[in-house]
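With the hints as constraints, model all of the structure from the sequences given.
Sequences listed follow chains A and B, in order. The first sequence begins at 490 in the working numbering and counts up by one. The second sequence begins at 490 in the working numbering and counts up by one.
Quick caveat, the hints were computed from the structure, so don't treat them as lab data.
When chains are identical, the list treats them as one kind, so a pair holds in a single copy or across two.
Below 30 angstroms or equal to it, Euclidean Cα-Cα: the simulated DSSO-like pairs (lysine-lysine) are:
hint : residue 1 : residue 2
1    : K737      : K786
2    : K749      : K732
3    : K742      : K702
4    : K732      : K742
5    : K737      : K702
6    : K800      : K538
There are 2 protein chains.
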Amino acid sequence: MQWGGDKAPHEVVKGSVLAAQQFQDSEILLVGDEKAIQQELASYGTVPKNITTHHTSQVIHMEDPATYSIRQKINSSITRSVELVASGEAAAMVSAGHTGATVAAATLHLRTLKGVRRPGIAAPFPTKTGVCLVIDVGANIACKPIHLFQYGVMTTIFSKYIFGVKEPRVGLLNIGEEDAKGNDLAKETFALLSHSQLTFVGNVEGREIFDGKADIVVCEGFVGNVMLKFAEGLATGFLSAIKAEAMKSFWTKLGLFLCKPAFAPLRTKMDFAEYGGVPLLGVNGVCIICHGRSDSKAIYNAIRVALQLSKNKVNEHIVSELEKTNVPAASIT
Amino acid sequence: MQWGGDKAPHEVVKGSVLAAQQFQDSEILLVGDEKAIQQELASYGTVPKNITTHHTSQVIHMEDPATYSIRQKINSSITRSVELVASGEAAAMVSAGHTGATVAAATLHLRTLKGVRRPGIAAPFPTKTGVCLVIDVGANIACKPIHLFQYGVMTTIFSKYIFGVKEPRVGLLNIGEEDAKGNDLAKETFALLSHSQLTFVGNVEGREIFDGKADIVVCEGFVGNVMLKFAEGLATGFLSAIKAEAMKSFWTKLGLFLCKPAFAPLRTKMDFAEYGGVPLLGVNGVCIICHGRSDSKAIYNAIRVALQLSKNKVNEHIVSELEKTNVPAASIT
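Here is the structure:
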């Protein structure tokens, strides 16, 4: 368990204390500046016995380049947490720090699971009916068809064991619904997914994600990242634009006040804190990445998901599922 | 002027009649099934004198493959309209039909403007403060840095002459704000834009589009198309989800009713009909592409924009602006 993010140490420690109280058979290790963590813990009176600390002296800042910082700042909370997972001292890690550095450190030190070509980040997008996991949203911006295919396999396992979806429907993000649409990456991935053991529902266009056409949508990391951030911007902007307009007159202000409960379910769906971070799938270890703005609820949920991943042996299931796949040798380039 | 789309002939003819009444010094040629057009026109009593028809016997359906259909259906409204522009018989065309076929036919028959490598579609995205033109949204899914750079130049001219923006700020869609971020395409395009005559504001992340960080954002056609459709889906889904929730109780229903005026400005911004279609920039002729669902207002506005493009000699300005650019020869691959 690593800390970091814009709201560390307060919210991170608070979420960790909540998790320690809830999951008493687990041990939570807070990695970071010990003095600051201890000061924060002191405010709780009795600190849960299953919380310990691990001191690190360096900090990877948001503006630091990812690869440079993980090599130079070997005593940062990110690099140390990864090492603790790699050595088996920790079963899982959660980070609200520098996303790029976390991905780079995890990929470098944990390495990939047997058979996995590239790790990917699966982020939940709200839909009409629930959630759609979009993978990858930024870990891999040089995707090949085999990577996208494996993302489909890994996220199917994640969805089954963590979200309890019996037969997750996998879609391919594309610019049209017809089979032959899209760029080379999309066309070749389409062929791989069509002949796989996955429940492949075909191409999914941008507008169909919200419709809930698929439980999982695979895409190239650049596209996924743009879409994730665009969604954040649009949703926030949308709500504040409505609010700003409504504040202009008494009646619309009253209307907005009365209407508020109608926004709540949507707000919950859009609230990434509910899902508790996003998993970096494919590394040999459990690594959950949180938003820099994560509050205690997000941290608590991230720890919950990390424990679930570890206890349900999701990585072992991924490895055995990948062994079952019969991808044509020509596709593995 | 070509017709087509889900609402042809009714809405298309209605929008054309409006435009003919408004722009009396222009001639509007309706290309399509003459009998159906005449029947529709008959309902108007007196048909404006500046409306004429041009009969075509074939139809390109939405499910037809683009390239196949423009070669096989040479007497369709799309191919004939393009030919009328190519021969100089028409100054501009507007199509609410098959987007892929329109792009393919226009690229094939009109060819590109002098110096232009690839045509691109510029679509308006709503922002806090107005509109951001995102180019390309689907004409070119094999983008090179030089294409993106030229999109920046072409859309700058479009924004100046059509939207009246004095010094349009151009951004590059990327997955981080730092200069060195992104895939190879993004990095190389960043270098080209940095050394250009354009007002380049650097990388723009997905979430910054709504913030209005740039007036123009250049991106690869696959990403742009996904984002455009995702925005449509999210906006529609968002509003209907709020509405569905609000309908559940009397008070929220009343709230929504009172609140309605607050949604209006946003609805207008999201309403693509306001902008009247999107221009296919870079072809040697004026070509405006409308949504298949376009109503008469959208058609009217599309004709208005087409006339503006033609009268303001936007294409000539694009050619001379491109001649001014001093792109390193190595980039032109």
